[in-house]
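Participant: The chain contents come next:
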Amino acid sequence: MSRIATRFTALQQNNRKALIPYVTAGDPRPDITVSLMHAMVKAGADILELGVPFSDPMAEGPVIQRAMERALQHHVSLRDVLAMVAEFRQQDNDTPVLLMGYLNPIEVMGYARFAKAAVKAGVDGVLIVDLPPEEAEELLVELDEIGLDIIFLVSPTTDEKRIQKIAKVSRGFIYYVSLKGVTGAGHLDTDEVAERVNCIKAYSKIPVGVGFGIKDAESAARVARVADAVVVGSALVKKVEETGGVADKLEAAITTLLTDIRAGIDAATI
Amino acid sequence: MLADVKTKQGTSGYHLPDERGHFGPYGGRFIAETLMGPIEELTEAYETCVNNPAFMTELDDDLRQYVGRPSPLYYAKRWTETLGGAKIYLKREDLNHTGAHKVNNAIGQALLARYMGKTRIIAETGAGQHGVATATVAARLGLECVVYMGEEDIRRQAINVYRMKLLGAEVVPVTSGSKTLKDALNEAMRDWVTNIDNTFYIIGTVAGPHPYPAMVRDFQAIIGREAKEQIMLQEGRLPDTLVACIGGGSNAIGLFYPFIDDEAVAMYGVEGAGEGIETGRHAAALCAGKPGVLHGNRTYLVEDEDGQIIPTHCISAGLDYPGVGPEHAWLKDSGRANYVSVTDDEALKGFHDLTRIEGIMPALESSHALAYTSKLAPTMDKDKLIIVNLSGRGDKDIHTVADLEGISI
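Those sequence lines, one after another, are chains L and G. Going left to right, the first sequence walks through residues 1 to 270 as my numbering numbers them. Going left to right, the second sequence walks through residues 271 to 679 as my numbering numbers them.
One or more hints might be untrue.
Unchecked claim - Cut-off 16 Å, straight-line C-alpha distance, at most; resulting in silico cross-link-like pairs (EDC-like, lysine to aspartate or glutamate):
1. L/Lys165 - L/Glu134
2. L/Lys161 - G/Glu311
3. L/Lys161 - G/Glu310
Stated by the list, open to error - Computed footprint of chain G on chain L, listed as stretches where at least three residues anywhere in the stretch have a Cβ under 8 Å from a Cβ of chain G:
4. 64-73
5. 77-84
6. 126-133
7. 140-154
8. 158-171
9. 176-184
To be clear, the hints were calculated from the coordinates, so they are not data collected in a lab. Where a beta carbon is used, it is the ideal one built from N, C-alpha and C, also for glycine.
Whenever a hint applies, use it, and build me the whole structure from the sequences.
Facilitator: Right, dumping it as structure tokens:
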């Protein structure tokens, strides 16, 4: 069983929901990321989502765009991100790590080479924003062979036929994007999210996580009632930005927000 | 009918892309899940419209009465004599309403937007030609129009920015990344994914996810269909060589496509070598790039060894793009078309030559095609025929040219 599946099983046995924080690797500096990953686990994260910087992040709002630009000022590459995960694994062999990014850096590295290097570094899953299942066949073969999970997105515009198609190829969990638009935007309609999560669950046995529009304990609690996992991204990245690269201040700010969100989720679900 | 966009190529059978929008390994749909449903809807609407005689008649009327088609195929006699080789014809897309080939596609997509019940149009623009064309057709159809343009391009193309504003469009400066065309495309995609219910995204070149590369090509293929008919009338035979500039590649594919099955016709796509390919400051994806995935399709890209897109450089904003339409990537690999490049300086000479010798002021984009033609023509016999796509007029570029020559106007 993959680390992601093991983690979800353990959480479900205790009636808990997963908290998945996102930060961009190398933002604002490469030397901050690994220690920030440990801090997030300490603050209650169950799975870590690490953004791989890309020069043209088409699906990101301004907050994550700027994070990627900050990381790219330090030329943080996919190889560097894998090295960060390997360093994280020296002290933490249990917390699943998921890479979020765009296809081109993986294309350039080569699918087989990437899959091998990712597993070696201790990565558990990948989420590729611009790779729908229709274009993923070749990569899926490599990932399945080596046992790396691939997480696909379902959005408010995905119809039932596509949900079935996505459910078939998804591994680890399915990520429901709760809003039309880019990351960091908008308002959350929990009733609609619940309905969509149920629809996904009708076609899939793996857990369903929800992201986009979750920024505090209150919104996280509402989502945790209807989903298996809560993803928090832009709200955290905003904290990274606000603390301007001072490591202690940054870790403290992230810890405060995550602890608060963790408490909100647990209060709503346990 | 002018607008017979679905005319298939000769029976020998070039019929790409396939059902999934692939040109060999290139093209496809590399987009966020939120766009997948809407893009399937767009594909269906497009298929329906091009098979609907009423839609096609309206498009045809617009191309004649509003754009002013067919555009002439002009024999550049003095330029031909100056170069002393092959006989050169210019396909005069610069004479279209709004001054470039971009309007052929903008009209087609705007009519499609209206058919789909969309009330808001968005577009990206580099040189501003596609932005102006889109703002123009949006004004005529009474649709709201927002154009994304890199801050750097806004500076370079002040006249076109003002034209768009006069036409009632909102021009949104894009300050992310390299502040040029690629970033404008990113920003337009972000707008689209957010406002998908009421918004139609008119992409100006043969890039983006399927069906855009095929759809834009089909709307631009009128250039090549007319040119073929005209050269048969004027010379009684097919041309030997076609030349067109390549940024994203819409004017080039528009000229090339109807000739793909005529294997004796050579094709040259001319990219912007900027300050020289060896300097790294260029925009030549096909000549100096590698395959990768950007803006919804797999194609050749100007990228580094980590897969990050490198900022490009070209004197003409319309060629300043790190990718290229996926069909050109396929035509390169298959050997059907040749891709070459010329520098800023060479393009500038092309601009001056045509202006002084023929009294036609070309766009700096088109000047790249002219510059390559001036190298090619003298190597060919006098009985050979070249058609160059004069994709746009140069009025918009006079400030750039004056600046380079230290003249303030």
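Participant: Please go over all the hints and tell whether each is borne out by the structure.
Facilitator: Consistency of the hints with the structure:
1. The hinted pair formed by L/Lys165 and L/Glu134 meets the criterion: a straight-line CA distance of about 9 Å does not exceed 16 Å.
2. Between L/Lys161 and G/Glu311 the alpha-carbon distance is near 14 Å, which keeps this suggested pair within the 16 Å criterion.
3. Under the criterion of a C-alpha separation no larger than 16 Å, the hint pairing L/Lys161 with G/Glu310 is consistent with the structure, at around 13 Å.
4. Check result for the stretch 64-73 of chain L against chain G: holds, 3 residues qualifying (beta carbon to beta carbon below 8 Å, three or more required).
5. Remark: the stretch 77-84 of chain L is confirmed as covered by chain G, as 3 of its residues place a Cβ nearer than 8 Å to a Cβ of that chain, reaching the required three.
6. By the rule of at least three residues with a Cβ nearer than 8 Å to a Cβ of chain G, the coverage given for the stretch 126-133 of chain L holds, with 4 such residues.
7. Given a C-beta distance limit of less than 8 Å, the hint that chain G covers the stretch 140-154 of chain L holds, as 3 residues qualify and 3 suffice.
8. Here's how the stretch 158-171 of chain L fares: 4 of its residues keep a CB closer than 8 Å to some CB of chain G, so the rule of at least three is met and the hint holds.
9. Only residues whose C-beta sits within less than 8 Å of a C-beta in chain G count toward coverage, and the stretch 176-184 of chain L has 4 of them, enough to reach three; the restraint holds.
Taken one by one, the earlier hints all hold for this structure without exception.
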